[in-house]
Every structure is written in structure tokens, then in C-alpha cells.
Amino acid sequence: MSLATFAEDQGIGVVTLNNPPLNLLSTKLLADLDAAVDAAAGSAARAVIVRAEGGHFGAGADAGDMFAGVSGEQARPQIIGWLHTLRKLETLPVPVIAQVQGTCVGGGLELALYCDVIVAGASARLGHLEANLGTATLLGGAQRIAERAGPARARWFVYTADAVDAATCQAWGIVQQVVADHLLAETVDALARRLADGPTRAHAITKRLIGAQRDRGVAAADELLLDLAHTVYDTADMQHGVAVLVEHGARKLKEKTSFVGR
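Just so you know, we're using the numbering used here here: the sequence shown kicks off at 1 and counts up by one.
No lab work stands behind these hints: they were computed from the structure.
The structure presented is a predicted model; accordingly, all values stated were derived computationally and were not measured.
Each residue gets a CB set at the ideal place from its N, CA and C atoms; glycine is no exception.
Treat the hints with care, since some could be wrong.
To be verified - Distance condition first, Cα-Cα at most 27 Å in a straight line; then the derived BS3-like pairs of lysine-lysine:
| no. | residue 1 | residue 2 |
| --- | --- | --- |
| 1 | Lys207 | Lys254 |
| 2 | Lys88 | Lys207 |
| 3 | Lys88 | Lys28 |
As the list claims (entries may be wrong) - Per label pair, the in silico range of CB-to-CB distance:
| no. | residue 1 | residue 2 | range |
| --- | --- | --- | --- |
| 4 | Gly173 | Pro20 | 24 to 32 Å |
| 5 | Asp65 | Glu223 | 41 to 49 Å |
| 6 | Val260 | Gln78 | 35 to 43 Å |
| 7 | Pro151 | Gln78 | 26 to 34 Å |
With these hints in hand, go ahead and build the complete structure from the sequences.
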């Protein structure tokens with residue numbers, strides 16, 4: 001059985017983790033996730049949801065599978081491979097939404113942090129518990145918490161190894177939206193549809209620019225802008241949007257536009 005699968009329907013892609021009951025990360029799950037991300041990249045999806053079966057998004061790593069008996073020398077190539085998978089997810093040229101319920105800690109939280117947007121159920125709890133194991137965040141969690149919440153909060157978040165409620169994570173910028181648990185799937189589906197119905201070529205450029213700013217600073221993002229910005233002029237989406245603006249004015253722009261992703 002595959003522990004991570006991909007399906008696409010009407011422009012919405014869904015990557016589903018299925019390793020009950022806690023959706024622990026394992027060597028097989030990450031290999032299956034790699035295949036699912038490749039499938040997403042090759043699909044017609046215009047937005048992607050990352051979700052998990054059951055009551056928990058992910059309670060960290062299967063320590064017996066991923067850590068027990070592994071030396072530092074053996075761990076390095078494994079970590080390189082895992083990071084390669086997660087970076088492929090992070091750089092998909094479409095918006096990616098993490099749908100988080102229940103426990104979302106350790107590697108499960110790191111997986112969510114590689115998504116563009118995190119939407120969480122109100123009862124969800126998020127945390128980096130790695131300090132309890134005597135380890136650092138091995139898949140990029142600390143730096144991605146710092147990106148969203150700032151260095152001081154990232155240090156607190158990781159040093160204390162506390163699980164934090166979804167509302168606090170939203171206030172800190174780690175989570176972008178919190179909704180009642182029973183509305184989580186509906187809310188994420190609606191957001192994915194809204195983003196998929198948008199100008200996805202433009203969204204892809206925005207995603208690359210923000211990534212460049214994070215990795216190399218504003219000046220590097222400005223340089224990349226010179227390579228990318230002009231390409232959007234030739235898209236059907238921008239030509240359509242400009243025509244609607246000229247004909248109907250700014251007040252009608254959102255109501256009248258209908259993008260096709262070209």
C-alpha cells in the first residue's frame with residue numbers, strides 16, 4: 001500500500017498521507033511522497049492540497065525506522081534525499097495548501113511548512129518536539145518557522161519543544177487561517193478552487209520571486225524579476241485581465257475575470 005498518493009480532479013491536485021493512526025514519517029512514506037510530488041508536477045493541477053487521513057496530520061518521524069541504529073555518516077545521504085523531496089514540493093509552480101488537523105509536530109510540521117499556506121482546524125496543535133529527542137529539526141523546520149514568525153519565536157518554538165495551539169500559531173504567522181474543525185476540508189477545498197481559478201502563470205512567478213527573496217535577498221529577487229516579469233504580458237490570463245479592466249473598470253475586475261492558466 002502506498003503511504004502517500006496523488007489524485008487530480010478539475011485542476012485541483014491532492015496529495016494524501018495515509019499512514020494511520022499518526023501519519024508518522026517513514027522511509028517508505030517519504031519515498032511515496034516523492035512519487036506523489038512528481039505526479040503533481042506532471043499533472044494539470046493548478047493548485048495542490050496536502051492532506052492526511054485520520055485525526056492527525058502528522059506526529060513526527062517513525063524513530064525506529066528513520067533514526068535507530070543510523071550513524072551520522074549514514075544519515076547525511078538520507079537527509080539529502082528527504083530534503084530533495086520536500087524542496088520539490090516547495091517549488092511546485094502552483095499554490096500548495098497544507099490542510100492540518102489534530103497533531104502536527106516534528107517532521108509532520110516540517111512537511112506543512114514546505115507548503116505555501118497552512119490552514120488548520122481549531123483543535124490542531126503544532127510544534128517542534130525534536131529537542132525532546134536530543135536532535136535539531138532535521139528537515140528545515142527551524143529556519144522555516146523563522147521565515148514565518150521571526151528568529152526569536154523560532155528559537156523559543158524549537159528550544160521549548162512545546163506544542164502550540166492553532167490560534168497562537170496564526171497570530172505568529174506560522175498558520176495563515178484557522179477554522180472550526182468540521183469546516184476544515186470545505187474551507188481548504190474552496191481556497192484551492194479560488195487559487196486554481198486564478199492566473200496560475202502569474203502565481204508561479206510570484207512564488208519564484210518570494211523564494212528568491214527568502215534565499216538571496218530583495219536585490220536577487222529584483223534581478224530575477226527582470227527575467228520573469230515581462231513573460232506574463234504574453235499570457236492569455238493577463239491579456240484577458242487587461243481587457244476586462246479597460247472595458248469594465250477596477251470595481252468589476254474580480255467579478256468579470258475568468259482565468260485559464262495560460
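Results of checking the hints against the structure:
1. Lys207 to Lys254: Judged against 27 Å, a Cα distance of about 21 Å means the pair holds.
2. Lys88 to Lys207: Between Lys88 and Lys207 the Cα gap is close to 13 Å, so the pair holds against 27 Å.
3. Lys88 to Lys28: With Cα atoms ~17 Å apart, Lys88 and Lys28 stay inside 27 Å; holds.
4. Gly173 to Pro20: 24 to 32 Å: Given a distance of about 31 Å, which is inside 24 to 32 Å, the answer is holds.
5. Asp65 to Glu223: 41 to 49 Å: Hint holds: Cβ distance 43 Å, inside 41 to 49 Å.
6. Val260 to Gln78: 35 to 43 Å: Because 42 Å falls inside the window, the suggested range holds.
7. Pro151 to Gln78: 26 to 34 Å: holds, 28 Å
Checked against the numbered hints given earlier, this structure breaks none of them.
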